[in-house]
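Same order as they appear, the protein sequences are chains R and V. The letter at position 165 of the first sequence is residue 165 when you use the UniProt record's numbering, and the numbering goes up by one with no holes. The letter at position 173 of the second sequence is residue 173 when you use the UniProt record's numbering, and the numbering goes up by one with no holes.
No wet-lab data here; the hints were simulated from the structure. A few of these clues could be false.
Said to hold, decoys possible - Chain V stretches covered by chain R per the calculated footprint, using a threshold of three residues with CB under 8 Å from any CB of chain R:
hint, segment
1, 43-56
2, 83-97
To be verified - A few chain R residues facing chain V, derived, Cβ under 7 Å:
hint, residue
3, 6
4, 8
5, 15
6, 16
7, 17
8, 26
9, 27
10, 29
11, 35
12, 39
13, 49
14, 50
15, 53
16, 62
17, 64
Backbone N, C-alpha and C define an ideal beta-carbon position, used for all residues, glycine too.
There are 2 protein chains.
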Amino acid sequence: MSAPLLDQLIAALRILPGVGPKSAQRMAYHVLERDRERAAELARLLAEAVEVIGRCESCRDFSQDPLCRVCQSSGRERSQLCVVESPADRLAIEQATGFRGLYFVLLGRLSPLDGIGPQELGLEHLGQRLAAGEISELIIATSATVEGEATAHYLAQLARRHGVQPSRLAQGLPLGGELEYVDRGTLSHAFGSRAEVPR
Amino acid sequence: MSAPLLDQLIAALRILPGVGPKSAQRMAYHVLERDRERAAELARLLAEAVEVIGRCESCRDFSQDPLCRVCQSSGRERSQLCVVESPADRLAIEQATGFRGLYFVLLGRLSPLDGIGPQELGLEHLGQRLAAGEISELIIATSATVEGEATAHYLAQLARRHGVQPSRLAQGLPLGGELEYVDRGTLSHAFGSRAEVPR
Ligand SMILES: [Zn+2]
Ligand SMILES: [Zn+2]
Chain R
1 MSAPLLDQLI AALRILPGVG PKSAQRMAYH VLERDRERAA ELARLLAEAV
51 EVIGRCESCR DFSQDPLCRV CQSSGRERSQ LCVVESPADR LAIEQATGFR
101 GLYFVLLGRL SPLDGIGPQE LGLEHLGQRL AAGEISELII ATSATVEGEA
151 TAHYLAQLAR RHGVQPSRLA QGLPLGGELE YVDRGTLSHA FGSRAEVPR
Chain V
1 MSAPLLDQLI AALRILPGVG PKSAQRMAYH VLERDRERAA ELARLLAEAV
51 EVIGRCESCR DFSQDPLCRV CQSSGRERSQ LCVVESPADR LAIEQATGFR
101 GLYFVLLGRL SPLDGIGPQE LGLEHLGQRL AAGEISELII ATSATVEGEA
151 TAHYLAQLAR RHGVQPSRLA QGLPLGGELE YVDRGTLSHA FGSRAEVPR
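Put together the whole structure using the sequences plus the hints.
Next comes the structure, spelled out in structure tokens:
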């Protein structure tokens, strides 16, 4: 028996990950009771973000410009390319390690049963970057899941076809774990002790 | 090194209760990756809600109309008035009990140290409703916290001054517990076995 608009808002909040009916309700009441000005600002930013933010032409990370800030930067080491599954994974590596190279963001991992193949992950574009000759090491930072490993295997083969050395984060990652949720220390250690992929 | 707009969105999401830096980041990536259309809809509803939703003139609950749907309804028992601290508490009682009377929503509880007195809770308006003579029972459903009890004490005195019988939810509520989070069974039982407030 709440106001219809309020019901709609509560339902809409549930698109956010981890938000169930109870917390959606609490969120709606909270912003109406205490924080209307900042809620209006959130609404404006959300509308603008989904409108404006696209993909970086070079690394496929989220970007409001054709090239993201990392790819634009003149201070990055262009001979190392680190492949990650998601923007969150890229951010985790950026924050946990001293890596100063470039990235490639898959936004997913190979999963033939779900119709996600090399094309969906932009691997043709990755192949072109590898072919260009600037990259000497492809650091494969996909997650330690079955699909992440299959993706890593595919990427290692792709790198070798272009004469690029593939490496894989050390198996300090907890097995089956999502890279994004690994603690900084573990992630930093695994990144530092990455190994060449044996033939 | 994310796009500035994305950083702003992640920061803005933290106004939502229970959302820390990590989950704000996950939410932003999630809507950008998977659900832009529904995220735009959420942005629209949020902007409209904070603009349009005010307070019901009669019960002070959230409402986009001058009178909320409960107060407008001809099917409610107008001799019973239930006082709750928040819209969430009102909804919890509505869903857990068979109560068919009307409500009064304090949006808070007496807390002199925080500058929250009878005026901030609209108790003058409540006094006018009690004085109008239509109400025979004031059901006090404030929470079982120290401030909730102090508020209940004040409300009971206010009711008696207007010749209205105050009652209080039975002490089946867990002590110190927030009413909103009580399970339905406990809440329903406590509501059903409410007792007259002894003099
Ligand atoms: Zn980029
Ligand atoms: Zn009302």
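Right, here's what the structure says about each hint:
1. Only when three residues or more bring their CB closer than 8 Å to a CB of chain R does the claim for the segment 43-56 of chain V stand; here the count is 11, and the claim holds.
2. Counting residues of the segment 83-97 of chain V whose beta-carbon sits less than 8 Å from any beta-carbon of chain R gives 5, enough to reach three: the coverage restraint holds.
3. Among the interface hints, the one on residue 6/R holds; its C-beta lies about 6 Å from the nearest C-beta in chain V, closer than the 7 Å criterion.
4. Interface hint at residue 8/R: satisfied, since its Cβ lies 5 Å from the closest Cβ of chain V, which is below the 7 Å cut-off.
5. For residue 15/R, the interface hint holds, the least distance from its beta-carbon to any beta-carbon of chain V being 5 Å, beneath 7 Å.
6. Against a cut-off of 7 Å between C-beta atoms, the interface hint on residue 16/R holds, since the closest Cβ of chain V lies about 5 Å away.
7. Residue-level restraint check for residue 17/R holds (minimum Cβ-Cβ distance to chain V is 5 Å; threshold 7 Å).
8. With a cut of 7 Å, the hint placing residue 26/R at the interface with chain V holds, because the nearest CB-to-CB distance is about 6 Å.
9. Satisfaction of the interface hint for residue 27/R is found here, the shortest Cβ-Cβ separation to chain V being roughly 5 Å, below the 7 Å cut-off.
10. The beta carbon of residue 29/R is positioned within 7 Å of a beta carbon in chain V (closest approach about 5 Å), and the interface hint is therefore held.
11. Nearest Cβ of chain V to the Cβ of residue 35/R: about 5 Å, under the 7 Å cut. The hint holds.
12. Because the smallest distance between the Cβ of residue 39/R and any Cβ of chain V comes to about 5 Å, under 7 Å, the interface hint for this residue holds.
13. Against a cut-off of 7 Å between C-beta atoms, the interface hint on residue 49/R holds, since the closest Cβ of chain V lies about 5 Å away.
14. The criterion of a C-beta within 7 Å of any C-beta in chain V is met by residue 50/R, whose closest approach is roughly 4 Å, and the hint holds.
15. Taken as an interface hint, residue 53/R checks out: its beta carbon lies about 6 Å from the nearest beta carbon of chain V, inside 7 Å.
16. Below 7 Å, beta-carbon pairs count as interface contacts, and residue 62/R has one with chain V at about 6 Å; its hint therefore holds.
17. Taken as an interface hint, residue 64/R checks out: its beta carbon lies about 5 Å from the nearest beta carbon of chain V, inside 7 Å.
Going down the numbered hints, you'll see the structure goes against none, and every one checks out.
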